[in-house]
Structure formats: structure tokens, C-alpha cells
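> Since the structure of chain P is provided, determine the placement of chain U on it from the hints.
Protein chains: 2
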Amino acid sequence: MVFPHRKSADIIIINGMILSLAPDSQPIEKGALAIAGGRIAAVGSKEEVEAFYHAPQIMNAHGGLIMPGLVNGHTHLPMSFFRGLADDLSLDVWLKEYIFPAEKKWVNEGFVYWGTLLSLAELIRSGTTTVADGYFFEEEVARAVEKAGLRALLGQGILDFPSPDSPSPEEALKKIQAFIQQYQHSPLIHPVLFPHTVYTCSPSLLLRCSELAGRYGVPMVIHLAETRSEVEEVGRRYGKSPVLHLEGLGLLSSSLIACHCVWLGEEEMDLLALRGVRVVHNPESNMKLASGVAPVPELLARGVRVGLGTDGSCSNNNLDLFQEMDVAAKLHKVHRLDPTVMPSSVVLEMATLGGARVLGLEKEVGSLEVGKKADVIVVELSRPHLQPVYNVVSHLVYSATGADVRDVVIDGKLVMENRKLLTLDEEEILAKAKEWRDKIKPS
Amino acid sequence: MVFPHRKSADIIIINGMILSLAPDSQPIEKGALAIAGGRIAAVGSKEEVEAFYHAPQIMNAHGGLIMPGLVNGHTHLPMSFFRGLADDLSLDVWLKEYIFPAEKKWVNEGFVYWGTLLSLAELIRSGTTTVADGYFFEEEVARAVEKAGLRALLGQGILDFPSPDSPSPEEALKKIQAFIQQYQHSPLIHPVLFPHTVYTCSPSLLLRCSELAGRYGVPMVIHLAETRSEVEEVGRRYGKSPVLHLEGLGLLSSSLIACHCVWLGEEEMDLLALRGVRVVHNPESNMKLASGVAPVPELLARGVRVGLGTDGSCSNNNLDLFQEMDVAAKLHKVHRLDPTVMPSSVVLEMATLGGARVLGLEKEVGSLEVGKKADVIVVELSRPHLQPVYNVVSHLVYSATGADVRDVVIDGKLVMENRKLLTLDEEEILAKAKEWRDKIKPS
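Top line first, the protein sequences correspond to chains P and U. At position 44 of the first sequence the residue is numbered 44 (the working numbering), and the sequence of numbers has no breaks. At position 408 of the second sequence the residue is numbered 1408 (the working numbering), and the sequence of numbers has no breaks.
Hints should not be assumed to be uniformly reliable.
[Unchecked claim] Label pairs and their computed distance ranges (CB to CB): (1) P:His-62 / U:Gly-1250: 56 to 62 Å; (2) P:Gln-26 / U:Asp-1425: 29 to 35 Å; (3) U:Ser-1045 / P:Glu-171: 47 to 53 Å; (4) P:Leu-422 / U:Glu-1048: 41 to 47 Å; (5) U:Arg-1419 / P:Lys-434: 19 to 25 Å.
If you're looking for bench data, these hints aren't it; they were derived computationally from the structure. Predicted, not measured: the structure shown is a model, and the values here were computed from it. All C-beta atoms, glycine included, are put in the ideal place defined by N, C-alpha and C.
Isolated chain P (complex conformation) (with noise of 0.2 Å):
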């Protein structure tokens, strides 16, 4: 049959079965989807698809599952050039024998640029489309995430002493503001304020960060609640929880996104909801660093939205959304004793729409429907720890690694097809990498 009066589309992807993740969306077993403009022309059945468009590119799923790109909403980029530096320690020693100094002494523009396009490589194979990031020279992050194509949230680094890329906290806000205005027309970046933590960043450097944030309509980021000692360290300094402090500075709201959130009383739960704040749930960091188990089915019975992050490759030691979701619905299973909460469903959503919507991007990524944005990835079926398939939602969550993923579509644009990253040199990037290794650590 032919379809004389089919409209034109950029790339039709054909042969998948279709989860779309709209909201009470069942999947489509022989599924299609139409690209126009970077935007999802059309999805459906293959003939509803065809019967409408036509594309000079159509792009064979081979039999695998179309879906969503997946949303990372926590993640310290450049931190992957120290992966494996220093494990298996005390906070403490981790960070103020390694890190800290490793950072003092390695961090600058190289660094940054490098080691951003090298966690890039690793998000994009693993079938991440969307990044949150906060780091320090965040404009070698923006031009690394510009090249790659991903779609990213990044935020400046502030806190009260210098930093690698800044002597003060007044120029680091100098930066941040010409970063806020260089980036905030962006198709793909979001410009974001992120001061460190409370016990950091001053009441009124916190003040100053939300002021920006508010002139500028982007948000703030900000590391909350993450360890017994934080909480321990601010109540010591303001006789309050890190919640309540910020509360009592009026900066609890919508347009705050609190990492980690580990340390919350039932109070601190109840304002976070009440206020709006939304939330990111990094279970492998708070693992690694023993930091806790933070109280994620409560903040999602409360309607908190809860998004799902990685963190840096120092603490996890991957940025695989797909292996941090298996360990977020096995996590809170066993600290409750209750196998019933976090089913895959809920924690696939947090990687994906709900994790959008953290990151104040839900009309445009997060799920595939006709007029957002077309970030999209085919994960491959027909392997031996994904068959048979009963349920694919539980075979995402709990079968699946980020090996898995053979094609991504970013905005529309094809950045990695059968495993082929097509915007990024991944052999030169793998070179510096063992280039900065050999400064690093000599052998």
C-alpha cells in the first residue's frame, strides 16, 4: 500500500517493541517512532507509524526495546580521571588524603575538559541521555557536553574557600554568572547554581546563590543530608538539622534539588514535601561511603519527586544508571525487610520521567510522546540474561546492565549507533585518560 500524502520525518526507528513510559502507556510489541526536527513525530503500532511518515533514515532496533534515554540527576563528571584512586577508607581519610589533595594538585582545564568527555563516553554507552553535574571550570564541562551532545544540567561548584578554579567565593560567582549567561538560550544546557553543602557555603554565600537562582529562573543544586557527620557538624554550628537550617533561611522550595537526603527525621520529610523541594537518590555513593540508606519510599509516599544519580566515579565507581537502578529496588528491600516496596515500575520511573521531573524537564524529555524531545535509546533483548521476557520493566531494572544499550538518539541526533559512539573519539579519549593517569599516579 502506498501513502502518497506521508509527511517527511528526519529518522524513523522501526523494528523494537516500544515502551514508551507515558503515563498508563502499555508497551508496543512491534513499535515504531518518528524523529522530525529533534522532536517525536509520531510513535506507535509500525503500520500507524508509516502510514503517516516517511524518513530518508530508518533505523533497525533489530527486535530490541525502544525506550527513553535515561535521566542521571547527580554526577561529578571529571571525577572519573580519579576512579579507583582510593577505595575502602573512612570518609574522612578518603577525602582529606585523596581526594581533596588529588583535586588541589590535578584539578584544572585539561583535567576537566578530559575527564568530562571520558564519563560522557561511559553515559552515553550505558544509555544515559540527560546528565546532572556540578563540578569546578564547569565551562570545560559545557564544552565537553556541547561536543558530545548530551542534554545537561551543570552547575559551578561554590563554597566559602577557594577552589580549583576559583581564589573566592566572589569570583567563583563572577564565573557563575557569566556562565548563567552564556548558557542560558542553550538547546541542551541548563545552566544551575550549586553551592556545595550547608556546612560549606555560608548562610549568606547560600543567600547569595539562591538570589542568582531567582534572578536567573534556574535552579539550585545543593548536597543535603548526606552523612551522620554533616548533620552532627550543622547542628554543632546553628543548632539545627541541614533541612531545618535551610529552612530557617527561607530556602527550602521548588527550585531546590537536594542530593543524597540520606539523614531526614519525619519533620524534615514532611518539609521537604511541603516546600517542594525535589530530591536525588544516589543508593550505590551512599553505599560505598556508608553514608546510609536514605528514606526514599517515604519521601515518594509523601509525593516528594524523587530523581536517581550515580554520583562521581570516585564513589560508585561507574556512572551505569541501569546498575544503580537494580540497586536502588534491591536497597530499601532489604533495609525494610519488605520486598514490596520500590518495585521495578517506581524505580524505573525515577530514572526516566520522574527523574525528568527533578530536574525541571519533564515536558521535554523523560518519556517518548508526540512533541518532546527525541532522547531516545534501543536496549538489546536477545541476549542470555535478558530471556525469556515475562515483564521487560523487570528485566530494565533488574537483569540489565548498560552493555546492554546499542543505539542513542539525543534531541534527535544519532550519538551512538551498534555501540558506536559517533560524536566522540573514544580512542583519544581513552589515551588521555592513561596519559593523566601516568601524571597522576606514576607506576
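Using the frame of chain P, we list chain U on its own:
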């Protein structure tokens, strides 16, 4: 330079870093390994090995890591055909409404043979070379294992009740004896006794199993102290904990392999140590079923031999021992709020030489040492999530997955080369998995 008197080997693996995991060994940057007659003939620097050996087959590790194959201490291979059939349910509902009825309805010779082949394909792909299995129709498991070429401990399951393959324990005991006699001199298959649990096997049945194990000099494997409800039920029935119940029967010994061991008090841990009982830890299964956190650091501190297992694909839901190592290392850290417990080297040992000790195979496998069986894997390192390399042991535990395994040699025979399975027809196995899925759950 020419070495006229070099000895002949079958395979020499070159161009990789050797991580032998022999006690007190260090990685060898430019290493090589010679295999002759199924055993390791030489391991050392490329120059050393090539000075003494030549071989018709030179395997290029392409800069990867040459290390011992992993040892999966506990699983139920055929259950991969139920992968994802039911998750996120209370243990009672999961077992009684889903798993037991599905087993009753579907488990037969064909299910076991093809389900096992699916699992073996997954195991080889993810670098496991030795596996301990317990299920029904174990002769079909053995047939599949022989075809795949893995090393295995296989136990025919036995209970007080009729099982899928035996109308009574009497029949099961007959089958078990025949199975042991058939395989007791097999080079790759080691038969074991496998009474299911102390609450599904009467004291007299346990004693008969133990008598048989003693007669044939094979280990006895059992699920022990896995769940709180097991402890409660055994307490009601025998007035004792599961461990003390076995002690009362005189069954705690160094020929007992106890899987799970989650619910142990101080007295139980001391007894396991005193009697030399060997333990298999299955953290992902214990998390997913919300069974609890096994006191592994406490057992290791008492000198108990502890290996690592995935358990079956229904409670994990994959057989990737690399991911299991990652979760094992992290779970105990967060459970004790101590990031120094279960360092990567300890966890890697549990999955290699330590696991071999648990299965009684430490003289044959678990490390790359001259004279041992050649069970060797090559792990790719030139991948974004595995660079840079400061500490390769950290990477194996925290950053790698089974998908990073490139080549697998078992008993001196190449069974996977550049990710292609050589002993199994993967397409046929995947097609069978889909056939069984369509029978089990018509869409």
C-alpha cells in the same frame, strides 16, 4: 633470540596484565600464560613464558586483564526460564502463588536442559568458569554443563515431599545415588548431596543424605538460616535455631556447604567456625527477597570460608558475579555504616580462590598458578568505565560488569573468544527460551 629447547604448550595468552590472585602475588603488567594439557604450565612476564614455551595457538589479550575465571557458589540454573515472571512480592506470595505452581506445571527434562543452557551461556559471557547448582532433573543439568564445558558442583534437590522429578524422597535418593555414581570420576562435574532446607527435610532424611555424602566422599549443600520465617518455623518445630538443629544432628562439619546464613547469632557463627562449615553469600538475592543481610564480615573474622553466589535468576535477576561483587562490597559498608569493611580485595577473593575453597576446589582452580587447571578469563580494560586504571582490583569489583569479559578458557579449552560462544549455539538457545516463554505465559 631463539630458544631451541622450548617446551610445547597448547595455548599461550599474551599481551595482557596478569592478575594471578595467587597468595601474595602482584599484577604483572606485560604478562603471559601458557596452557598445556588443560593446566597452567607457566605464568609470568611475556619474556619468561616465551623463553620456555611455544604453542600452536597464541591468544592475544589485546591489553586486557588475564585473571582466574570466577566461581559462582550457589545458583539454580534452570530457573532462568522463570526470570522476571514475578518480582516485588512478599516471599510467601512469590513462592506459593508463582514459583511453586510454575515449577509444578512446567519443570521437566526439556525445561531443565534448555533453561540450564541459557544460564550457562550467561555464565560464560560474564566470566564464570565454575558454578554450584542445585535443582531437579540434575542429570539434564549435567548434560548441559558437559556440552558447555563449565566446571560444576551439581546437586539433585531432595525434600520430604514429591518433587518435579521424584514422587517420593525414596525415589529421589535412588536417583541421587545413580547420579553420583555416574559423575563421581568426571573431570568437570562434581556431584553433591542437596537436601533443600531443614524445614523441608526431616531429621531422618537429612541424616540419610549425610550418610550418602560420607559414603561417596562428596559435600552436602543446604539452604540455611536464609529467612526470619525459617528461623521461626524451625524454632516452633524443633525448639532450636536452624544451625543448632543441624548441630544437634551432628551435621555441622567441613563437608557441609551452607547457603545464605543470614540469620545467625554469635553462638551460631562460633559453631560454623568451629565445625569448619563453608558458607555461600548471596547478597543480591537476600536483598531482592528482603531476607536480610548476612553477617559476612563477622564470619570472615572468625576464619569461616565464605564464597559468593548469585542464587537463581528469579531472585536476582541475573547471574553476573561481577555485579554481585559490587553489591557485596557496598551492602556491608552501608549496613554497618563503615566504609572500610569488605574491601575490594576481600570480595574478589570470595569470588575466586575463596569461592574455590568453599567448593573444595582450591587445589584446582581460583588462581593462576602453575599446575592448576587452566580456568582463565580475559577482561577488557580499554573501555570508558574502566579507565584510568590505578587499582585493577577496585575496577573489577566496583566498575566492571560481566559484559567486560572478552575471552574464556575452561579446563584449557577456549569456550568464548572475542565474545563469541564456541561450545554453545546461542541462537538456538535464545529461540528455545522464547518458545518456553510462549508456553509459560501466552501473550
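> Decide, hint by hint, whether the structure agrees.
The hints, checked one at a time:
1. About 58 Å separates the C-beta atoms of His-62 of chain P and Gly-1250 of chain U, a value consistent with the hinted range of 56 to 62 Å.
2. At about 34 Å, the CB distance of Gln-26 of chain P to Asp-1425 of chain U agrees with the hint of 29 to 35 Å.
3. Checked against the given bound of 47 to 53 Å, the beta carbons of Ser-1045 of chain U and Glu-171 of chain P, roughly 51 Å apart, stay inside it.
4. At about 43 Å, the CB distance of Leu-422 of chain P to Glu-1048 of chain U agrees with the hint of 41 to 47 Å.
5. Taking 19 to 25 Å as the suggested C-beta distance range, the pair Arg-1419 of chain U and Lys-434 of chain P conforms, at roughly 23 Å.
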